[in-house]
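*Asks:* Given chain U's structure and the hints, the job is docking chains P and G onto it.
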Amino acid sequence: MQDLGIRVLFMGNNFIRLLGGLWITIRISLIAVAFSIVLGILLGMLMTVKNPITKAFTKIYLEFIRIMPQLVLLFLVFFGLTKSFGINLSGELSAVIVFTLWGTAEMGDLVRGALISIPKHQYESGAAIGLTKWQVYRCIIIPQILTRLVPLAINLTTRMIKTTSLVALIGVVEVLKVAQQIIEANRYTVPDSALWIYGTIFFLYFFTCWPISLLAKRLEKKWKTT
Amino acid sequence: MAKQPVLLEAKNIIKDYGNGQVLNDISLQIHKGEVIVLVGPSGCGKSTFLRCMNGLEQIQAGQILLDGEVITEGKTDWPKVRQKIGMVFQSYDLFPHMSVIDNIILGPVKVQGRDKKEVTEEAEKLLDRVGLLDKKDAYPRQLSGGQKQRVAIVRALILKPEILLFDEVTAALDPEMVREVLDVILELASSGYTMLIVTHEMQFARAVADRIVFIDGGKIVESDTPEAFFTQPKTDRARRFLNTFIYAKDGEKLTSDSY
Amino acid sequence: MDTEFIAEYIPLYIEAAKLMLGIGLIGIVLSLIVGLLIALIQYFKVPILRQIATVYIELSRNTPLLVQLFFLYFGLPKAGIYISSEGCAIIGLCFLGGSYMAEAFRSGIESVEKGQEEAALALGLRKGQIIKYVILPQAISVSIPALCANVIFLIKETSVFSVVALADLMYVAKDLIGLYYKTDEALLMLVVAYLIILLPISILAAVLERSLRYAGFGN
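If you read the sequences in order, they're chains U, P and G. So that you can map any letter, position 172 of the first sequence is 172 in our numbering, and since no number is skipped, the others follow by simple counting. If you want our numbering, it's the position in the second sequence, counting the first as 1, plus 1000. If you want our numbering, it's the position in the third sequence, counting the first as 1, plus 2000.
Keep in mind that the hints were calculated from the coordinates and are not lab data. Among these hints, one or two may not hold up.
In silico DSS-like links for lysine-lysine, alpha-carbon gap of 30 Å or less [stated by the list, open to error]:
1) G:2114 <-> P:1110
2) P:1075 <-> G:2018
3) P:1117 <-> P:1075
4) P:1011 <-> P:1160
5) U:222 <-> U:83
6) U:83 <-> G:2156
7) G:2114 <-> U:222
8) G:2156 <-> P:1136
9) P:1117 <-> G:2156
10) G:2182 <-> P:1110
11) G:2132 <-> G:2045
12) G:2127 <-> P:1116
13) G:2132 <-> P:1117
14) P:1084 <-> G:2156
15) P:1084 <-> P:1003
16) U:50 <-> U:177
17) P:1160 <-> G:2156
With the rest of the complex left out, here is chain U (with noise of 0.2 Å):
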């Protein structure tokens, strides 16, 4: 039987329903990966700010964040607020708002490094030949900053696709579970499909962030040398 194993991928539409599955976990990754960029820009900015209560405030909000592995904060969302207060959310939403929170931190972090690393100079070096300073932002600073930013932010992005995949643990229907219901329907037909398909899985995530690792590495060792 071994060797008809992955017909079971080509019967039905089964391989279109894989696929669909993890559309929906690309879908998260990226709704979370776009509320990440904006907010994760203020909460950088904020970051750079000198006032220590901001400070204290938004250090503690990076740290828990990124201390805790994302499942826990699944979990918090997704059970905790339900019950504390009465908020039924679904598994999709709290996975968009979980991912925001932990890609706005990571975001921020990286707007901030980005920011403070802008040595004091430029700036007045683009105010002694006469830019003013909304010019020494537009044509000195900000481009530096996207030269450095874009790629981190497109390996955020790989980083919220394979974390997604842990929404599969707060029970959306995403790539995992349409597997699970798959494997369980041939069960006798192909008692050895969970092997394709959790193979093809593999595969299906490996094309889908390959390609983008490959972007972001491409991108970073292009503005490097510039």
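*Replies:* Frame of chain U; chains P and G shown alone:
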């Protein structure tokens, strides 16, 4: 003085990085006990030539002979050869994670398998000779550039090489530290070491060299005694090169005899 | 908040934490070994093994641990390969962590100046001796912050071990929520447990990083 045997010899060396020849048919004999100084404009190939002599750079054609034996054909055991050809670099390259004494004894203990205690004693003697015995337990980052370079010289000496290569060893130093390093090399020269030196310090070159070899464009242009080279260079290129060192109108820098 | 409930079930969490840390520790140590081996393979440019290492790193870094574990635990038995829950967890963690550790070691090795290798060559040291006495001691001290970050990352990743039927912290928490509906208590203990485990490690990592940045050999 009777001519000593040839210790290290380059025969028609050609080195090519792929974008034009860096060394173009260079031949040079270094006799035992001889001090040869290579001079020439930046990028002329003199450092590359030096690095070819102990196999840090590969040559495309030609031969290198050590004690009459060809070392660039077949499978060269470079680690063995390099114990006979010591080298000191411009950037000192001491190992930052080791104390001065550990830097020095690493080679003899690990490469030559000599007794650690005996080597340590010898290292201390050499350190004393360059005036750094009190720094033996210091780490490189605690030393000045000149001190680091003197340690690097000791590190090369302790392997008892037959010849020493110096690659612009004072180029990275602050001006006030140049002297302390050059003095060590002068002292080595007077005690009979065979040396091949690349330097931009012309007065030093004149003082230390038995022979000056002027390289330009990957070729040996002149080879002469220091006296002849510095007072009556035979070629236009050498004259132009030497002129770049003259600031005062009477050529004060060239003729002063601080050494 | 039901304090009695908390007191009653704390031992369950302690057991789970022990299990997780035990497996995590083995996985992390193996990751370090795999990572170092791969970094050395890349440094020495070992043919074939080097290409395999590249493929492995890309596979490992671009797939989630959860999916790796599903394949190991549910997929492989169908090919006649049965691995215990603990075995799957360790292999999975090592498969994931090996590539991250390799990257940390690699960037450490690359940070060592080229002159160091040349100076060692000029002393007559052989390649193996150079890596052992000159490159690695310097590379590792540069790598330590990244290695620490990886350790924290891997401990966090152990939170998915419940999918291979290991009674880890997440498993216990979910159990208590499901059985007794004591959500607040279960989640509180979960968060506290992870804080107790991860906070000291991350503080230690921060201290290490700072002391490495401001000091160096000879201080």
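*Asks:* If a hint holds in the structure, say so; if it doesn't, say that too.
*Replies:* Cross-check of the supplied hints:
no.: 1; hint: G:2114 <-> P:1110; in the structure: 21 Å, holds
no.: 2; hint: P:1075 <-> G:2018; in the structure: 56 Å, violated
no.: 3; hint: P:1117 <-> P:1075; in the structure: 34 Å, violated
no.: 4; hint: P:1011 <-> P:1160; in the structure: 25 Å, holds
no.: 5; hint: U:222 <-> U:83; in the structure: 49 Å, violated
no.: 6; hint: U:83 <-> G:2156; in the structure: 25 Å, holds
no.: 7; hint: G:2114 <-> U:222; in the structure: 23 Å, holds
no.: 8; hint: G:2156 <-> P:1136; in the structure: 46 Å, violated
no.: 9; hint: P:1117 <-> G:2156; in the structure: 49 Å, violated
no.: 10; hint: G:2182 <-> P:1110; in the structure: 65 Å, violated
no.: 11; hint: G:2132 <-> G:2045; in the structure: 16 Å, holds
no.: 12; hint: G:2127 <-> P:1116; in the structure: 22 Å, holds
no.: 13; hint: G:2132 <-> P:1117; in the structure: 22 Å, holds
no.: 14; hint: P:1084 <-> G:2156; in the structure: 54 Å, violated
no.: 15; hint: P:1084 <-> P:1003; in the structure: 21 Å, holds
no.: 16; hint: U:50 <-> U:177; in the structure: 47 Å, violated
no.: 17; hint: P:1160 <-> G:2156; in the structure: 55 Å, violated
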